[in-house]
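Visitor: The chain contents come next:
Protein chains: 2
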Amino acid sequence: MKGEVPVKAKVHVTLKTGVLDPQGKAVQNALGALGFGGVNGVRQGKYIELDLAETDADAARVHVEDMCKKLLANTVIENYAIEIAD
Amino acid sequence: MKGEVPVKAKVHVTLKTGVLDPQGKAVQNALGALGFGGVNGVRQGKYIELDLAETDADAARVHVEDMCKKLLANTVIENYAIEIAD
Chain L
6 MKGEVPVKAK
16 VHVTLKTGVL
26 DPQGKAVQNA
36 LGALGFGGVN
46 GVRQGKYIEL
56 DLAETDADAA
66 RVHVEDMCKK
76 LLANTVIENY
86 AIEIAD
Chain S
6 MKGEVPVKAK
16 VHVTLKTGVL
26 DPQGKAVQNA
36 LGALGFGGVN
46 GVRQGKYIEL
56 DLAETDADAA
66 RVHVEDMCKK
76 LLANTVIENY
86 AIEIAD
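Same order as they appear, the protein sequences are chains L and S. In terms of the numbering used here, the first sequence opens at residue 6 and continues consecutively. In terms of the numbering used here, the second sequence opens at residue 6 and continues consecutively.
Isolated chain L (complex conformation):
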């Protein structure tokens, strides 16, 4: 898929299943303290939007995957998902 429009990439970085999420736990406790019941679990991750100069979606995906592995995600404990929108 090729286009003239620069590609926008959306990356979700989330903790792998089984990895403790103290930040999510804190949010869950805070929600409980505010009176919000019925919250069985909270997991917090990162959401990163990248404006790329690249106009080719496939090439952009390869670049962003590389960025995730090298900087954006800690692949020992985190998963990442890439969404390309142009």
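One copy or two, either will do: identical chains are not told apart, so a pair holds if it fits within one copy or between any two.
Within a straight-line C-alpha distance of at most 27 Å, the following computed DSSO-like cross-link-like pairs (lysine-lysine) qualify: (1) K30 x K13; (2) K75 x K13; (3) K51 x K30; (4) K51 x K74; (5) K51 x K13; (6) K15 x K74.
Please keep in mind that the hints were generated in silico from the structure rather than gathered at the bench.
Given the coordinates of chain L, work out where chain S should sit on it, guided by the hints.
Guide: For chain S alone, kept in the frame of chain L given last:
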């Protein structure tokens, strides 16, 4: 829409346009230092997954919207988007 399955809510919290994003800027600089060119902008937000006891999607959305206003997002500088999946 009613179901028997507990609802999962996905919340994106992002900085409003015009609000400086030093975290995103740091990521952008780090990507540049690693040799990733062609990155024109990076914005970093939060991604929160909530496991709710609620089984009704519409009721869940109302609850989660309330949570966003009261705790999850700082509505002065942040936008939030709610996605309900069951």
